[in-house]
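Put together the whole structure using the sequences plus the hints.
There are 2 protein chains.
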Amino acid sequence: MTHTAPPHAALQEAALTWFEGLRDALCTTFEAIEDEARTSTGQPAGRFVRTAWQRPTEDGSPGGGGVISLLKGRVFEKVGVNVSTVFGTFSPEFRSHIPGAEQDPRFWASGISLVAHMCSPRVPAAHFNTRMLVTRQGWFGGGGDLTPLRLDTPEAIADAADLQAAFRAACDRHDPACYPRYKEWCDRYFYLPHRNEPRGAGGIFFDQHVSGDAAADLAFTQDVGRAFLDAFPRIVRRRMGEAWTPAEREALLVKRGRYVEFNLLYDRGTLFGLKTGGNVEAILMSLPPEVRWP
Amino acid sequence: MTHTAPPHAALQEAALTWFEGLRDALCTTFEAIEDEARTSTGQPAGRFVRTAWQRPTEDGSPGGGGVISLLKGRVFEKVGVNVSTVFGTFSPEFRSHIPGAEQDPRFWASGISLVAHMCSPRVPAAHFNTRMLVTRQGWFGGGGDLTPLRLDTPEAIADAADLQAAFRAACDRHDPACYPRYKEWCDRYFYLPHRNEPRGAGGIFFDQHVSGDAAADLAFTQDVGRAFLDAFPRIVRRRMGEAWTPAEREALLVKRGRYVEFNLLYDRGTLFGLKTGGNVEAILMSLPPEVRWP
Numbered sequence: 007m008t009h010t011a012p013p014h015a016a017l018q019e020a021a022l023t024w025f026e027g028l029r030d031a032l033c034t035t036f037e038a039i040e041d042e043a044r045t046s047t048g049q050p051a052g053r054f055v056r057t058a059w060q061r062p063t064e065d066g067s068p069g070g071g072g073v074i075s076l077l078k079g080r081v082f083e084k085v086g087v088n089v090s091t092v093f094g095t096f097s098p099e100f101r102s103h104i105p106g107a108e109q110d111p112r113f114w115a116s117g118i119s120l121v122a123h124m125c126s127p128r129v130p131a132a133h134f135n136t137r138m139l140v141t142r143q144g145w146f147g148g149g150g151d152l153t154p155l156r157l158d159t160p161e162a163i164a165d166a167a168d169l170q171a172a173f174r175a176a177c178d179r180h181d182p183a184c185y186p187r188y189k190e191w192c193d194r195y196f197y198l199p200h201r202n203e204p205r206g207a208g209g210i211f212f213d214q215h216v217s218g219d220a221a222a223d224l225a226f227t228q229d230v231g232r233a234f235l236d237a238f239p240r241i242v243r244r245r246m247g248e249a250w251t252p253a254e255r256e257a258l259l260v261k262r263g264r265y266v267e268f269n270l271l272y273d274r275g276t277l278f279g280l281k282t283g284g285n286v287e288a289i290l291m292s293l294p295p296e297v298r299w300p
Numbered sequence: 007m008t009h010t011a012p013p014h015a016a017l018q019e020a021a022l023t024w025f026e027g028l029r030d031a032l033c034t035t036f037e038a039i040e041d042e043a044r045t046s047t048g049q050p051a052g053r054f055v056r057t058a059w060q061r062p063t064e065d066g067s068p069g070g071g072g073v074i075s076l077l078k079g080r081v082f083e084k085v086g087v088n089v090s091t092v093f094g095t096f097s098p099e100f101r102s103h104i105p106g107a108e109q110d111p112r113f114w115a116s117g118i119s120l121v122a123h124m125c126s127p128r129v130p131a132a133h134f135n136t137r138m139l140v141t142r143q144g145w146f147g148g149g150g151d152l153t154p155l156r157l158d159t160p161e162a163i164a165d166a167a168d169l170q171a172a173f174r175a176a177c178d179r180h181d182p183a184c185y186p187r188y189k190e191w192c193d194r195y196f197y198l199p200h201r202n203e204p205r206g207a208g209g210i211f212f213d214q215h216v217s218g219d220a221a222a223d224l225a226f227t228q229d230v231g232r233a234f235l236d237a238f239p240r241i242v243r244r245r246m247g248e249a250w251t252p253a254e255r256e257a258l259l260v261k262r263g264r265y266v267e268f269n270l271l272y273d274r275g276t277l278f279g280l281k282t283g284g285n286v287e288a289i290l291m292s293l294p295p296e297v298r299w300p
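In order, the protein sequence lines correspond to chains A and B.
Take 7 as the starting number for the first sequence in this note's numbering and just add one per residue.
Take 7 as the starting number for the second sequence in this note's numbering and just add one per residue.
Honestly, I wouldn't trust all of these hints.
The list cannot tell twin chains apart, which means a pair is met if one copy fits it or any two copies do.
Said to hold, decoys possible - Computed list of lysine-lysine pairs in BS3-like fashion (alpha-carbon distance at most 30 Å, straight line):
| id | residue 1 | residue 2 |
| --- | --- | --- |
| 1 | Lys281 | Lys261 |
| 2 | Lys261 | Lys78 |
| 3 | Lys281 | Lys78 |
These are computed hints drawn from the structure, not numbers from a lab.
Shown next as structure tokens:
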């Protein structure tokens with residue numbers, strides 16, 4: 007970055023190291039949960055498989071890339087964790103949409119993105135991601151939320167409250183104004199207008215998080231990550247032993263259709279990624295392993 | 007319609023009667039195929055179930071509606087045929103995109119839309135639709151195509167050639183320039199840029215079909231419908247007795263994911279319908295009953 011780079015430019019190494027470390031902690035925890043699960047089917051505990059990808063550029067110059075970690079197990083039917091660090095120049099049609107890119111199209115972005123689809127209809131699906139963007143400006147974005155089969159059961163309400171409490175504590179350590187804003191943003195963002203229904207049970211969603219202190223914003227992002235690492239495995243462990251019926255599993259496969267509809271019709275990250283030649287496997291890692299539209 | 011209505015306005019009754027009659031002929035033929043199928047599973051022959059829907063309007067005035075005919079059977083895993091006739095006024099944001107609507111936002115549209123997802127990976131999925139639009143202008147649109155599991159087998163090539171020959175004959179009866187244009191339009195339209203692959207094996211696609219003789223254009227649309235009614239059942243009957251493996255069925259479920267990606271990311275009719283408050287069940291009837299993203 008040039009002398010006009012924001013303070014975030016000095017945090018690139020720290021951010022990327024954090025995202026990779028968080029990925030490793032999440033993967034280790036999920037594999038431990040796979041080990042703990044008692045199954046009657048004899049299916050072995052799932053293990054993550056890592057696949058690296060490179061971001062192609064028009065002129066063949068380095069553009070960064072990422073690593074997908076994918077586990078298909080007996081608790082996590084499909085969980086993907088992608089860590090990517092990409093850099094280059096935005097194409098002309100995107101420059102006007104990205105803060106700081108109009109004057110200088112160069113960018114650097116690093117982040118972690120996770121989607122977990124669970125075997126059991128009693129365990130909520132989860133999404134989590136955080137990222138740092140650097141143009142002539144710098145900012146953090148991200149969020150996390152749960153998608154249970156039904157929103158109105160005592161279990162779903164308790165699980166959502168657990169994740170929300172963790173996110174609230176993380177936010178409140180930095181700025182008490184953040185949590186209500188980011189919770190509301192999540193409800194507004196993860197919504198299917200064509201069905202007039204929310205995608206899930208809520209969480210937080212934020213973008214352009216800039217307090218004026220880039221190091222503090224990285225610390226905020228880290229606390230959000232720690233909150234997810236703390237709460238989601240606890241929720242999975244709480245629910246994974248519950249018995250479920252084939253009818254619930256069938257309902258889960260239909261519910262997952264809504265998840266697909268949201269991600270392909272509305273999700274900005276998905277559409278942006280696919281339209282800018284992003285890595286298809288990394289972007290569509292979010293899609294559920296088995297879905298029904300009856 | 008006012009005195010400025012196009013000649014298509016006089017064909018509304020004839021068009022709608024044709025679409026309903028074609029729907030009935032297709033449903034009868036598909037039920038006959040269900041009866042002919044020999045299955046070892048004891049699953050009964052599928053029958054169409056019809057569900058009527060009304061198009062809601064902001065002021066409660068009549069807006070038309072449609073009827074979904076849906077069959078879940080032993081040959082047709084899920085086949086939906088929707089006939090709809092809707093009318094009203096385009097909202098301001100759409101007027102500039104629709105020919106003839108800028109001066110007068112009133113519209114009338116009637117059409118038939120069909121998507122068939124098959125139990126057997128050896129029988130291609132099919133899509134077909136035709137419609138008539140009337141604003142101050144009038145025109146026909148539609149198309150049909152096959153989506154086999156693989157494009158490169160002798161069977162898939164023969165089936166695609168069969169449907170293409172039927173469409174070519176229908177087109178050539180009216181204007182020999184149509185078929186090459188509409189075939190190429192289909193290849194261009196049913197394409198997944200993010201995967202750099204076609205959705206299917208081709209067919210025809212057309213919009214704004216206006217020769218200057220509205221009655222001849224309805225006759226063209228009828229011939230396109232008869233071609234599909236002739237060719238697709240023949241293709242199904244040719245393939246439905248072929249044995250298939252669980253691996254082929256698994257590959258079919260993954261291939262169907264591409265179909266979902268196309269319809270939710272790119273299909274203009276789907277996106278237009280969902281964003282203009284169309285009937286969700288009728289629009290998303292096209293989505294496959296069972297899909298995998300492994």
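Item to check | Hint numbers contradicted by this structure | outcome: none
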